[in-house]
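Trainee: Same order as they appear, the protein sequences are chains R and P.
By my numbering, the letter at position 154 of the first sequence is numbered 154, and the numbering carries on one by one without gaps.
By my numbering, the letter at position 296 of the second sequence is numbered 296, and the numbering carries on one by one without gaps.
Treat the hints as calculated values from the structure; they're not laboratory data.
Glycine included, C-beta positions come from ideal geometry on N, C-alpha and C.
Treat the hints with caution; some may be incorrect.
Claimed, not checked - To give a feel for the contact side, a few chain R residues facing chain P, derived at Cβ under 8 Å:
id, residue
1, C47
2, D51
3, F53
4, A57
5, S95
6, N135
7, S136
8, N172
9, S175
10, Q253
11, N254
As the list claims (entries may be wrong) - Below, in silico cross-link-like pairs of lysine to any residue (SDA-like), each with a Cα-Cα straight-line distance of 25 Å or less:
id, chain 1, residue 1, chain 2, residue 2
12, P, K243, R, A98
13, R, K247, P, P274
14, P, K248, R, A98
15, R, K185, P, K248
16, P, K243, R, Y162
17, R, K99, P, P274
18, P, K268, R, L255
19, P, K223, R, Y162
20, R, K186, P, R307
21, P, K144, P, K248
22, R, K188, P, K248
23, P, K223, P, K144
24, R, K188, R, L255
As the list claims (entries may be wrong) - Quick look at which bits of chain P chain R covers, simulated, 3 or more residues with Cβ under 8 Å:
id, region
25, 139-148
26, 219-228
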Amino acid sequence: KQWYQRRVAITAGSERALKLTTDAIDLNTANYTVWHYRREILKALKCDLEDEFRFTAQVIESQPKSYQVWHHRRCLIQMTKDPSRELGLTESTLSDDAKNYHAWDHRQWVLEQYGLWDGEFDYIEMLLQRDLRNNSAWNHRYFVVNSTDKWNHETVKKELEYAAKYIRKAPNNESSWNYANGIIKKNKFSYDEFPEFIDFCIKLDEDKILSPFLYSTLADIYQASGKSKRAHELYEKLKECDSIREKYWIYKQNLL
Amino acid sequence: PELYQGIDSSRLTILYFGLSGLDLLGELDNISDTQKSEIIEWIYSLQVKPSDNTNIGTARCGFYATDSLPASVDENYGHVAMTYVALCSLLIMGDDLKRVDRDCIMAGLQALQLPNGAFQCSAFGSESDTRFVYCAACICYMLKDWRGLDRTATTNFLLASQSYEGGFAQNVGREAHGGSTFCSLAALHLMGTLETLPDENLAKIREWCLRRQVTGFNGRPNKPVDTCYSFWVGASLSMLNAKQYLNKECNFSFLMTTQDNYIGGFSKWPNQLPDALHSYFGLAGLLLATEDEALHPALNISMRAFRHLECLQS
């Protein structure tokens with residue numbers, strides 16, 4: 001409270017006021033009012049923002065889940081029109097926590113604004129090699145394809161092959177299945193337009209791969225082609241192997 | 001307390017967790033009538049009101065988080081999440097909302113909505129995402145006044161934020177997430193547009209939500225479970241009329257493991273220190289799992305407080 005009283009007493013636009021905001025941020029990174037004051041002071045002082053980028057990066061390192069510091073970073077980029085540090089910054093944050101929602105949001109915003117798409121597929125591939133269950137990386141792949149290409153039949157087919165590669169490595173990975181099913185449905189295609197993918201799923205089942213995601217995908221495929229009996233059998237399997245959702249699989253079975 | 005200093009900028013939310021938590025436990029009578037009046041007075045003292053300085057206008061109106069700053073547009077800005085919890089807390093305390101300056105609140109909300117339909121939290125500029133859309137929708141619903149929100153633009157933004165997975169993200173193109181799915185579904189529900197979504201889409205959202213259950217719930221595929229998702233995902237399933245498909249026993253068992261047996265309260269995982277947020281959402285999650293009609297799944301207040309609101313609105 002004392003801090004606020006002093007702030008009100010000090011004219012905005014002084015180095016001392018800036019230092020006060022640094023102290024206040026240290027006490028409470030989530031104080032959005034202080035961050036706002038800080039930006040006002042920076043504008044008034046017409047600072048070279050190189051130091052400010054450094055300061056922000058330090059705060060991000062110690063508080064990588066603070067909405068306020070990431071928003072502040074975005075404001076700095078808007079002020080300077082300089083996104084050159086951001087892919088490196090987000091890559092560094094993601095190397096500590098590959099699913100940090102703020103880092104992904106920031107990276108995607110920078111990519112959208114500045115079109116720095118080169119190398120992004122390689123980055124995603126590296127992340128998936130490290131952890132193919134990283135749902136954020138899968139979402140990012142959708143984002144990059146969506147921003148740089150059209151979801152026509154050829155693209156979906158290619159992406160299904162990509163997903164299939166990872167499904168084979170870990171058939172029980174929700175992320176890869178969500179990607180495969182998602183790219184078909186979101187883009188208003190139907191399964192029968194991708195016979196290779198259907199064959200892939202059937203083959204996995206023939207190889208006795210135990211995966212609730214395989215079974216529910218196949219059930220959807222069979223239901224769409226009128227093969228209710230096969231779908232029914234798959235829901236029986238699901239009631240067993242994905243028993244936590246037993247009531248749901250019974251419901252889906254009854255819908256047939 | 002010193003350790004909670006960092007949360008001063010969300011102080012009103014702690015009040016809401018406390019009051020709503022007591023309400024859900026049926027323990028509001030522990031607060032005397034005198035205390036209730038004091039609480040109501042304190043909340044109203046946080047209402048950011050316009051001053052004689054007509055240059056500033058009403059864009060900054062709303063409620064602020066704490067009394068560390070004066071509640072006047074000359075020096076302060078309302079925050080949409082604080083306005084939401086302020087209204088909830090007033091309702092829980094049985095207030096009639098008569099001292100809420102509706103015109104100012106609506107003007108404050110209008111100043112926060114962006115052309116793409118998303119909301120910022122405060123007129124000085126902030127990030128914009130489904131969290132604040134949710135708060136804005138709740139405020140309009142509770143005040144029965146939709147001037148503050150363009151329903152078409154808002155619906156379009158929310159639908160655009162639905163990812164290929166079926167769940168909703170914080171923004172267009174971002175990753176589907178349990179928290180933002182709750183925010184989006186609740187906002188659509190309160191605006192009256194949830195039921196108008198195609199069956200096929202509702203089915204997809206339903207399945208994505210049900211897949212969040214591991215023992216308790218996680219917020220994204222392949223992420224660990226966390227107490228608060230029992231509320232975010234549980235309430236989402238409630239609004240989708242699919243609560244009956246989740247496994248009550250597993251959810252209940254998990255929540256019991258995150259309860260602190262010495263201090264009380266809940267933490268996000270077992271054997272961690274409890275905190276106000278997870279304690280409240282753990283409780284709300286438990287109630288959703290065990291009782292059918294105790295909690296309003298969209299507004300996140302007790303049905304008792306909701307009935308008080310209905311009374312005021314009629």
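Trainee: Can you name, in rising order, the numbers of the hints this structure does not satisfy?
Mentor: 1, 2, 3, 4, 5, 8, 10, 11, 12, 13, 14, 15, 16, 18, 20, 21, 22, 23, 25
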